[in-house]
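Chemist: Whole structure, please, built from the sequences with the hints as guidance.
Going by our numbering, the letters in the sequence shown line up with residues 9 to 111, in that order.
The hints are simulated quantities; they were obtained by calculation from the structure and are not laboratory data. Small disclaimer: the values here were computed from a predicted structure and weren't measured. Among these hints, one or two may not hold up.
Listed next, the in silico PhoX-like pairs over lysine-lysine satisfying Cα-Cα at most 25 angstroms (straight line) [claimed, not checked]:
| hint | residue 1 | residue 2 |
| --- | --- | --- |
| 1 | Lys51 | Lys83 |
| 2 | Lys77 | Lys63 |
| 3 | Lys77 | Lys51 |
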Amino acid sequence: MEVVSDSIFQLQEFTDCTKSLALQQRSGNKHLRCQPPLQGVVKINFDGVVFMSQKELGLGMIVRNSVGKCLAWRKRIYRFPDDHTVAETIAILEVANMGLSHL
Numbered sequence: 009m010e011v012v013s014d015s016i017f018q019l020q021e022f023t024d025c026t027k028s029l030a031l032q033q034r035s036g037n038k039h040l041r042c043q044p045p046l047q048g049v050v051k052i053n054f055d056g057v058v059f060m061s062q063k064e065l066g067l068g069m070i071v072r073n074s075v076g077k078c079l080a081w082r083k084r085i086y087r088f089p090d091d092h093t094v095a096e097t098i099a100i101l102e103v104a105n106m107g108l109s110h111l
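Modeler: See the structure below:
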């Protein structure tokens with residue numbers, strides 16, 4: 009369950025980063041860059057999209073180390089939850105199900 013709690017933390021970091029980016033874009037500063045994780049820590053990026061006309065949900069996720077090396081990735085198409093928050097939650101569970109440990 010540590011992976012799940014870490015994934016939830018990453019989701020919060022992503023949400024905070026997105027809010028910060030939106031504020032900076034409104035103020036005209038467009039130089040926000042995501043930082044790599046510390047050595048010995050991985051960063052999990054994920055996103056979800058809802059295709060309303062096909063009633064499908066697409067997910068993508070990637071796990072990278074502190075030098076940017078891809079350690080794992082996954083993409084999936086699901087039949088339809090109609091909310092991007094549900095999509096991102098499913099992405100967190102997919103990452104947890106990758107079975108990553110001791111990274």
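Chemist: Indicate, hint by hint, whether the structure satisfies it.
Modeler: Taking the hints in turn, this is what the structure says about them:
1. Lys51 / Lys83: Given pair Lys51, Lys83 holds - Cα atoms ~17 angstroms apart, limit 25 angstroms.
2. Lys77 / Lys63: violated (34 angstroms)
3. Lys77 / Lys51: Given that 25 angstroms is the threshold and the Cα spacing comes to 10 angstroms, the pair holds.
Hint compliance for this structure: hint 2 is the single one not met.
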